Every structure is written in C-alpha cells, then in structure tokens.
Amino acid sequence: MKTIKKSLATAFITVISMGNIVAQDANALVQKVKARLEKVNDYEAAGKMKTNVTFLKVPIATVKMYFKKPNKLKIKSDKGVSFVPKGAVNINLNNMVSGGKYTVLDAGMDKVNGTAVRVVKLLPDDDNAEVVLSTLYIDETNAVIKKAKTTTRENGSYELEMTYGKYMEYGLPDKIIFSFNTKDYKLPKGVTFDFDDGEAKKIEDKAKNKKGKAEITISSYSINKGIADSVFQ
Amino acid sequence: MLTLLQIELYKISRRPRTYIAFVAIAAIVFIFQFAFKVDGQSYMEFILQDVNDTFEMDKMQAINGYFMCYIILNTLLIQVPILVALIAADSISGEANMGTLRLLISKPVSRTQLILVKFLASTIFVLFLLIWMAVTALLLSMIIFGVDDMLIVRTKGEEAQILLITKDDVLWRYMAAFAYATVALTVIAALSMFLSIFAENSIGPIIATVCIVLVCTIISNINVPIIEKNVKPFLFTSYLVGWKGFFYIGTTDDGQTIKGTIENWAAIRKSLFILLAHIVILVSASVIAFKRKDILS
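Protein chains in written order, with my numbering: chain B, 1152 to 1384; chain Z, 97 to 393.
Please note: incorrect hints may appear among the correct ones.
What the hints assert, rightly or not - Think about it this way: if two alpha-carbon atoms lie no more than 30 Å apart in a straight line, the pair counts; the simulated BS3-like pairs of lysine-lysine are: (1) B:Lys1223 with Z:Lys155; (2) B:Lys1262 with B:Lys1252; (3) Z:Lys328 with B:Lys1199; (4) Z:Lys252 with B:Lys1237; (5) B:Lys1364 with Z:Lys133; (6) B:Lys1199 with Z:Lys355; (7) B:Lys1199 with B:Lys1185; (8) B:Lys1337 with Z:Lys387; (9) B:Lys1362 with Z:Lys133; (10) Z:Lys133 with B:Lys1230; (11) B:Lys1190 with B:Lys1334; (12) B:Lys1252 with B:Lys1230; (13) B:Lys1215 with Z:Lys366; (14) B:Lys1334 with Z:Lys355; (15) Z:Lys263 with B:Lys1201; (16) Z:Lys325 with B:Lys1230; (17) B:Lys1220 with B:Lys1317; (18) B:Lys1190 with B:Lys1337; (19) B:Lys1364 with Z:Lys155; (20) B:Lys1337 with Z:Lys133; (21) B:Lys1230 with B:Lys1185; (22) B:Lys1317 with B:Lys1227; (23) B:Lys1326 with B:Lys1364; (24) Z:Lys263 with Z:Lys155; (25) B:Lys1272 with B:Lys1364; (26) B:Lys1227 with B:Lys1237; (27) B:Lys1272 with B:Lys1190; (28) B:Lys1364 with Z:Lys355; (29) B:Lys1334 with B:Lys1376; (30) Z:Lys263 with B:Lys1334; (31) Z:Lys263 with B:Lys1225; (32) B:Lys1364 with B:Lys1317; (33) B:Lys1220 with Z:Lys155; (34) B:Lys1199 with B:Lys1252; (35) B:Lys1215 with Z:Lys328; (36) B:Lys1227 with Z:Lys155; (37) B:Lys1225 with Z:Lys133; (38) B:Lys1201 with Z:Lys203; (39) Z:Lys328 with B:Lys1201; (40) B:Lys1376 with B:Lys1185.
Quick caveat, the hints were computed from the structure, so don't treat them as lab data.
All figures in this text were calculated on a predicted structure; none of them were measured in a lab.
Using the sequences and the accompanying hints, generate a full structural model.
What follows is the structure in structure tokens.
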C-alpha cells in the first residue's frame, strides 16, 4: 500500500514538473521571439496592399508601413485614396509579445502551411486589458511567429498569417495576411439613382460578408534608420 | 440643309429661354461646389458611416474634381430632360404659335427635311448643354477641388458597394459618359419635338414631356418584380442613367479593380441601342405626323 502511494506521489510530481518544463519551454520560446523582435527599434517598409472585403472594390495599393518602438505603427498609401483597416495596428507583432504582463500557456503542436509550429496562448494578467487572448503559432526552429489570433474586448478578433524571407533575422515578415471583422456596408437611402444593368440579383450569404482580408506583400525594409514621430500623426 | 440648320440654330440662340438652361445648370453646379467646399466632410461621413469603424481613409482627399462631377451629374441628369424639353418642345409648336409654320412649309423645303433639321438643331442644343455641364461640373471642379482617385458608391442588387477608380483611369470614362448622356437626352429632344407637332403653343408639349419623363422615371424605380420584368425594360427612362455604367469598373474575383475595364459593357451597349431605337422611332413618327399634318397656323 505504501509503495502504491509512493508511486502515485512520484507520478503526480513528475506530471507537475513536466507541465512546468513545458510551460517554461513555451515561455523561453516567447522570450526568444521577443528578443528577435526587439532588435528592431523602428522600420520603414515598402509594399503592396491587396484588400479583400465584399463591399469594397479597390485596386492594389502601393503602401508604406512605418513602425517605431514601443507600439507606433502607421500604414500610408503612397498615392491616391486608400482604405486602411483600422485594426492593422495589430500587424505589429511587438505589441503581442512585449506589451504588458501575461501568462504563457502551451497549447501543443500544430501545422501552419506545412510547417510544424508550437501553439502558445498569451493570457493578459490585467483583467481590463483590451486584448483578451492571443494565440501564437511559433516556428520553433526560426523563433518567428507564423500565425497569430487575437481576441479583443471591443473590436472583435484579428488573425495574422506571416511568411518570412530575407528579414527573418529581425522577425519581420515578407508577407502578412491580416484578417479582420467588417460590418455590412449600407448606403443611406436616396443617395444614388443606380443604373440597373439587368444582372441577376444575388442574395449573398450574410455571414460571409463579415470577414475582411488585407494582404500586404513587403518588398523592402529599412530597419533602425530612425523615423520622425510626425509620421504617425 | 446646312443653311436651314444655321437658321434653326440662330432661332434657338435668339430665344431667351435657351439661356435659362445654361444659367440653371451653372447655378446648381456652383451651389454644389460651394456646399462641398465648405462642408464636404459631413457628406462623406454620411455616405461612409458604415465604413468608419473598420477603415481609415482621408475623406477630404476623396472629395476631388472627379468625385464632385459624378455627384453633380447624378443629380443634374435627372433634371436636365426638363431643360431639353424647354427648347425641343418649342421647335414646331413655337412656329405654330407665332404663325410662321405655314410660311415655313411654303418654302421649297420638304417637310421631312424641316423635321430633320429641327431635330438636328435640338441635338446640337443638347450637345452644347452637355459641353457646358462638362465645363462647369467637371473642369471647374477639377480646378477647385483638384484631381485624385475617384470614389463611387452604389447599390448593386441587394448590396451596397464602394468602388475606387485610379485617377489615370477616369477621364475617358467621363468622355464616354457624356457621349452616352448626349444620346439619352436626344431621346428627350425627339420626344418633345414629336409632341410639339400636335400643339399650337409650346406649353403643352413641354408639360407633356415632363409628365412622361416623370411618370416613366417613377415606374423605372418601382422595385416590384412584375414591373421590373414586364414594364421597365421598355421604358426609355430605365436607360437614362446608363452613363453610370462607365464608372462601374470591372473587378477580379477577389475584388480588385481592373484598370481600363467596365463591369458590364454588354448592358451599356444594349441600353445605347434601345435609346437609339427610341430616337429613330420618334423622329420617324415625327416625320410621318408632320407630313400628314394639316397646317392652318
């Protein structure tokens, strides 16, 4: 009886310890990612933004993306009228791993585009924080975030998917797919007298209209060259 | 024929009512331009109220010359048929009223020639009216508000859409739209002239034209399936706003606009054909009616 009790206690302690080790692993991994991202004090990136929202028909925009520590991010169109998703500030990965205190939870392994990733959940310690939960899909080999899901208190949820290339050393992606929630666009009554071209009127699936996507393909980064604060105003 | 046309144009130019149309257009355009210059932001906030939560955009940048012209034309091209009727409805009945019609047909000119010349003169008036609109609504707006990418808001079927056309892809659309509008308003001119054959003064045909345009426009905008299917396709008013089709830019499957494209060229071509058919029918009917008319005044 004594032997059984001893074995059970040993097993329990082992399980607890294993859990701690895994949690520590996840913590260490997040720290590794954070260290990589913290090499960047500021950057200016040039790229193209493709917006895919049901009601919005716009051309591919040439954009410039500016970042400055700790959490300033601005996307500007090079020329012309542009629609920039408001939640695009979440593209800033620094925000997720550096901002505030959080508890790291290991959620096992998964795959993103065929690459094995560790799933890590970040729970903010502050009950009133705007971000309720962040789930990071981290490529352990390269210590970069491949995918991130953020649930916010007020502004719905966002999803980011990153592809890395020559700027991986700084944890900066070459391509970002940013998914966000949108409202249906309704035109106030009496604004237009539209030309009815006789096309069959399709009844769209309303649920389908709720997600928008912005795909930013970055051609070059200019890192740590200094950026004036006025850019972000 | 050319001399006859010159005489007709001279007569139109001598009538004070001809200039009412030009003054009315200028007044409406200036009021729009002033209002948007002072408080265009509020209008943009209003039409983009559902987008404000999700997207950031410079609304003042969107209020540019191209956008302004579209907004003005959107309003004006509904009223302009009345201005066209003022002149075209006077073409035959005005002569009858002044007692010059009998004198006119006593000249060595066939009645067919006379009707064709009157119609041509009305068409030239329409053309001048649209050139005036292009100068005031487009050119002047471009000077006042500058030039940038053009924003179009529209309702397509059940859903509302925002289209963005790059600034280097806009001007040819306006040229095409004005050309289309010329054809559309020429239908009104042909209708007015046809009605004017049966009247002794121009008030009757002007009111009749306005009533026909009004009633048909209302029917064209009734969204009841039985009317949409059986009545709307046969009303010329359903095609008057077809000029907008040039601004409905083609898109890829995932919603990116394609420069230099039109979403539904076939629909515009069909509309143009129907409007041209209306012109041919109305002018032919005018020739037949005028030939058979017993002219006593």
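Is Lys1220 of chain B within 30 Å of Lys155 of chain Z, Cα to Cα?
29 Å, holds
Please verify whether Lys133 of chain Z and Lys1230 of chain B have alpha carbons no more than 30 Å apart.
Between Lys133 of chain Z and Lys1230 of chain B the Cα gap is close to 22 Å, so the pair holds against 30 Å.
Straight-line alpha-carbon gap Lys1190 of chain B to Lys1334 of chain B, limit 30 Å
The given pair, whose Cα atoms are some 37 Å apart, is violated under the 30 Å limit.
For the pair supplied as a hint, Lys328 of chain Z and Lys1201 of chain B, is the alpha-carbon distance within the 30 Å limit?
38 Å, violated
Mind checking the alpha carbons of Lys328 of chain Z and Lys1199 of chain B for me, to see if they're no more than 30 Å apart?
Not OK: Lys328 of chain Z and Lys1199 of chain B at ~44 Å, beyond 30 Å, violated.
Keeping to a limit of 30 Å between CA atoms, is the pair of Lys1272 of chain B and Lys1190 of chain B held or broken?
23 Å, holds
Hint consistency between Lys1199 of chain B and Lys1185 of chain B [alpha-carbon to alpha-carbon, up to 30 Å]:
The hint holds at about 26 Å.
Would the pair Lys1337 of chain B and Lys133 of chain Z pass a check requiring their Cα atoms to be no farther apart than 30 Å?
Distance ~25 Å between Lys1337 of chain B and Lys133 of chain Z Cα, so the pair holds.
Is Lys1317 of chain B close enough to Lys1227 of chain B, meaning Cα to Cα at most 30 Å?
23 Å, holds
Run the distance test for Lys1223 of chain B versus Lys155 of chain Z: straight-line Cα separation, threshold 30 Å.
23 Å, holds
Tell me if the straight-line CA distance from Lys263 of chain Z to Lys1225 of chain B falls inside 30 Å.
24 Å, holds
Given the proposed pairing of Lys1337 of chain B with Lys387 of chain Z, does the C-alpha separation stay at or below 30 Å?
54 Å, violated
Comparing the model with each numbered hint stated earlier shows that hints 3, 5, 8, 9, 11, 12, 13, 16, 18, 21, 29, 34, 35, 38 and 39 do not hold.
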